[in-house]
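According to this note's numbering, the sequence shown holds residues 2 to 392 in order.
Among these hints, one or two may not hold up.
[Stated by the list, open to error] Simulated restraints, written as ranges between beta carbons of each label pair:
#: 1; residue 1: Leu384; residue 2: Leu3; range: 44 to 50 Å
#: 2; residue 1: Gln364; residue 2: Gly125; range: 25 to 31 Å
#: 3; residue 1: Arg160; residue 2: Ser268; range: 44 to 50 Å
#: 4; residue 1: Gln379; residue 2: Ala24; range: 47 to 53 Å
#: 5; residue 1: Ala16; residue 2: Ala292; range: 50 to 56 Å
#: 6; residue 1: Glu69; residue 2: Glu150; range: 47 to 53 Å
FYI, nobody ran anything at the bench for these hints, they're computed from the structure.
Beta carbons are placed, not taken as given, at the ideal position from N, Cα and C, and that holds for glycine.
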Amino acid sequence: MLPDVSTRFLSRIRAEYAQLAQASLLRRHPTIDQRTGVSYRLNGHQVTGFCSNDYLGYAAEAAPPIAEAVPLGAGAARLISGNSRELRELERDLAHLAGAPDALYFTSGYQANIGCLPAVLQTGDLAYSDHLNHASLIDGLRLSAATIERLPHLHAPPRTPSPASQTGLTWWVLESTYSMDGDSPRPEDLQRHHHDGADTYLDEAHSLGRYARGRGWAAHHTLQPTLTIGTLGKACGAVGAFAAGREEVIDHLRRRARTAIYTTAPSPTLIRLLRRHLPRVAGPDGDRRRAKLRANIQQLSHELGITTDSPLFPLLIGANHTALEISAELLQRGFHVQPIRPPTVPPGTARLRLTVTAAHSHQQIASLAKTVRELLAQRALPLRSAAGHHA
């Protein structure tokens, strides 16, 4: 029996579907089967994936075994009866990973940003937001009471911050590595911003785990943002996210971040798995993988002629339909590379975003680079990075 849906609603979504199809902007969830490392089956093809965020190669590995019985669920929100000693221990582990005094766990990076930004930004505050900030940062800012000013990509706020009121604060909301361009801000700009007495909200989603001891870009550059957001679903290969900062700031989030308050606490099973996994990320095993990741980045950088120290290689294509065509041909040749199209990126800047991980072999990288060069040459397209193209 089908749910009752109004004819007008069906007409609306069908019209939207037709418009997206006409513009080559339809999106579908690719279904992955039989995954082993970076290899899996997709739409009947055995492929090597070059589009995940599993930078250290942990995500496809088996979870560490749990011999003892652990409850499946928490049964309640943390302010009721869902909090536990082990969850607080996990948050201390996460704080240590970020190089901060305290941390608060969230179910995802999106939940962290739409919960934390409205909790720390208040009426009268001025928030400078990078033009290419992630959707979760944009949505979190929209939910806040602050005045928002968008900055050109990687531009620093004005030297003399001007909050919206005499009692307001000035914030800079940005990412340490941008997922669609693979670039990063200048550390000295953040240092200057703090020196001017302003605050910084830094999302480390694509940086955490890639630097020594499993830390992120800020710790690598000895920076201490007001609030750091880290995610566990990328280089750490797991799931979840956290906010890290001073104890007073994190305690404020426990009282005010709605996405951490009005939700069931995380599964005790997941908490136990994360506590056993994080030492691998921060320890010698993680160090070996970080070294391999750096070597693989250098190889693909050399093969493509693109200078970068990021595992993200965005290749500018331009037209949506062309990006789809090249992605489909790559799949036929055994490579999974997702085309990135608007609204994720600006109109006219559709791209192929290649991501290299520690799990890729030298031969896999060389073969991908050769195939990409061939497919671009067939269409008389230059091989160029999308970084800096923000049409």
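Handout entry: Hints not upheld, ascending by number
Key = Failing hints, ascending: 2 and 4.
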